[in-house]
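Protein chains in written order, with the UniProt record's numbering: chain F, 1 to 132; chain L, 1 to 132; chain C, 1 to 132; chain G, 1 to 132; chain R, 1 to 132; chain D, 1 to 132.
Derived by calculation from the structure, the hints in this document are not laboratory data. Computed from a prediction, not measured in an experiment: that's the story for all the values here. Incorrect hints may have been included.
Among the chain D residues that face chain G by a calculated CB cut under 7 Å, a handful are [as the list claims (entries may be wrong)]: (1) 3; (2) 5; (3) 45; (4) 79.
Pairs of lysine-lysine, BS3-like flavour, derived with a Cα cap of 25 Å [unchecked claim]: (5) 15/D <-> 54/C; (6) 15/F <-> 54/G; (7) 54/D <-> 15/D; (8) 15/C <-> 15/D; (9) 94/G <-> 54/F.
A partial selection of chain R residues facing chain F, derived with a Cβ cut-off under 10 Å [to be verified]: (10) 3; (11) 49; (12) 80; (13) 81; (14) 126; (15) 128.
Positions of the beta carbon are idealized from the N, C-alpha and C atoms, including for glycine.
Residue strings, one per chain:
There are 6 protein chains.
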Amino acid sequence: MATVTLLADEELSPKAAAVFADIRATRGTDYVNNFWRALAHNPDRLEAVWSQLKQIMGPGALDPLVKEMIYIAVSASNACEYCCHSHTAAARAKGMSDAMYNELMDVIGMANQTNALVNALQVPVDDIFRAE
Amino acid sequence: MATVTLLADEELSPKAAAVFADIRATRGTDYVNNFWRALAHNPDRLEAVWSQLKQIMGPGALDPLVKEMIYIAVSASNACEYCCHSHTAAARAKGMSDAMYNELMDVIGMANQTNALVNALQVPVDDIFRAE
Amino acid sequence: MATVTLLADEELSPKAAAVFADIRATRGTDYVNNFWRALAHNPDRLEAVWSQLKQIMGPGALDPLVKEMIYIAVSASNACEYCCHSHTAAARAKGMSDAMYNELMDVIGMANQTNALVNALQVPVDDIFRAE
Amino acid sequence: MATVTLLADEELSPKAAAVFADIRATRGTDYVNNFWRALAHNPDRLEAVWSQLKQIMGPGALDPLVKEMIYIAVSASNACEYCCHSHTAAARAKGMSDAMYNELMDVIGMANQTNALVNALQVPVDDIFRAE
Amino acid sequence: MATVTLLADEELSPKAAAVFADIRATRGTDYVNNFWRALAHNPDRLEAVWSQLKQIMGPGALDPLVKEMIYIAVSASNACEYCCHSHTAAARAKGMSDAMYNELMDVIGMANQTNALVNALQVPVDDIFRAE
Amino acid sequence: MATVTLLADEELSPKAAAVFADIRATRGTDYVNNFWRALAHNPDRLEAVWSQLKQIMGPGALDPLVKEMIYIAVSASNACEYCCHSHTAAARAKGMSDAMYNELMDVIGMANQTNALVNALQVPVDDIFRAE
């Protein structure tokens, strides 16, 4: 269980209900996942997080699938169980193949390994890496 | 300064020197960055990490540039100063535009925000996100 | 299950039993939560952690409720499931309202977002922020 | 140095310049710190982060000083050098006394200690801590 | 459930099956734990991770039991539930006594506490700690 | 610079001065490192952290050198620059050889790699790993 109840549709404030309607319309499914049902206790934050997510994760200079894989990488590094599950499902829905997922795991493992090595060794940044 | 000295070319063991030669040949530059000079105290690990990195970060189901951006996302979440600098430089060298970098920052910020919210609220994973 | 058994009252060493008695007296409840039952395998550490917690989390320059909210913020950032649950319960018991909890979530989300942005961008510290 | 240049006032886009003007007006100082100068490469994100920060960190159910201390706690747990410095300066400007800062350090240290213990021991959450 | 299915023996590719055979032979048990069954979707990575683990965690300048305790310390700091469980079991199988485990918990708690304090206070590194 | 000044000997309160005297006597050196000079603003915490560190890091079921290496592993995983430097220096003073340090780096890298993989894949804990 969460630290708050997960609000059912009939428990939503009008503002939260409007956000849920937009989530459903945007995603083309009636299913609204638990994250939003927990956030719905704070309708202003629900609206802010959803509108931010909708804008950021949409098409742009980066492909939405690439964005989902970046999200998985952050979530794994932060040990966020829920986010690993939800964004892996989202990445698959956007076309992530098994081969892509395998390579994503490779990069996540490699990056966490070398991050720890570099932090342990406290390697100084090369001058050539710095922005002007 | 690192916790170890950064080995100059003339201080390398033969095994480490061979790895440095491969780094130079693979990257097409004479410059070998500090991470490898710190790792070179352990030639077996130097060789293992380099061969793993070379294989993982190369072309495959994911584009090398996408892999670099995933690396940046992990490094930012782990607060690895060196890795943020080195992989941002690498991503730019592989064609990351300012627009792409901006969107990468957006996703990294968003993911860290929602990871923390989900962890604070301890949102339970939806059944539909689970494999099987 | 934990990596150790959770000790029942009748399994406690005399030292651990004395700590449990103080926990009960201090909190005014017979309930002793699982954290202490796991720590009780190491009575010296149990006593040290409990006495430290009792002193630190009590009244002082900061209100005990403020301290509980700070504890939640740390626990969310560290992905500590148990601690998010136990300190959210403690904060509510000390008077945290829904409005306060909502704002706490806002700050936790915001801070994790900008921490990641700053780490990714490696923003140098302004001279005016430094002591002296 | 950051991974991007820190934009000077004369390098800002009109949108970024408007945000800087609001930062100055809101804070009552001409000084705009480095974080915003790094973010200014992405005027949309600059505006979004600033407006979010301004709203979240202002008065509400929690005191702005309490919010700054929560921010410090998150930043310390995430090893964000810049954020520790900037939010400690902000907390002091909002009235954080040395006694308050000392207690904040105590809680941050304590929470990180017990988070790690709980994670190592994998203590199961007590039923009484769960919502509902 | 994992984000992937856990492969049963009869679902393994020939390469993955060979790795499982080596795991069984090396460990002297028929039991292959879930981590390898999840990794087996990527036989190349399975082989690479297993061969790396087998080499690194074996005898050397450090005792294998010491290595397992270091592994637990990292896993607790990273909030990795699975790794805390699996490496605590491994350490016990290699002879970790209750007294050793208690002291390990003490060090893990202490290190996480002072890490957070140092990060919050941003203590500058003493010159005498730096390698030549 | 730290967020607080580093107190010189002549700025210490009597309580803090007594702790410094004990640090010097225990370590057999006149040098007191920056961490204690930052903590000295809070003499009660200085005394508590020092007495805890002195007790925990001393001889017991685990060798003091093993404890220092565990400390390094935690500090690397938490990206604590100061702690990586100070505890690497301490481990060397207690006899850590280059070969031992190399293997420590190997384990730290490996553990952070598999922690991230396990978190990404959300591998369920095997029943046989659980206590009882």
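Going through the hints against the structure:
no.: 1; hint: 3; result: holds, 4 Å
no.: 2; hint: 5; result: violated, 11 Å
no.: 3; hint: 45; result: holds, 6 Å
no.: 4; hint: 79; result: holds, 4 Å
no.: 5; hint: 15/D <-> 54/C; result: holds, 22 Å
no.: 6; hint: 15/F <-> 54/G; result: holds, 22 Å
no.: 7; hint: 54/D <-> 15/D; result: holds, 17 Å
no.: 8; hint: 15/C <-> 15/D; result: violated, 29 Å
no.: 9; hint: 94/G <-> 54/F; result: violated, 35 Å
no.: 10; hint: 3; result: holds, 4 Å
no.: 11; hint: 49; result: holds, 8 Å
no.: 12; hint: 80; result: holds, 6 Å
no.: 13; hint: 81; result: holds, 8 Å
no.: 14; hint: 126; result: violated, 13 Å
no.: 15; hint: 128; result: violated, 15 Å
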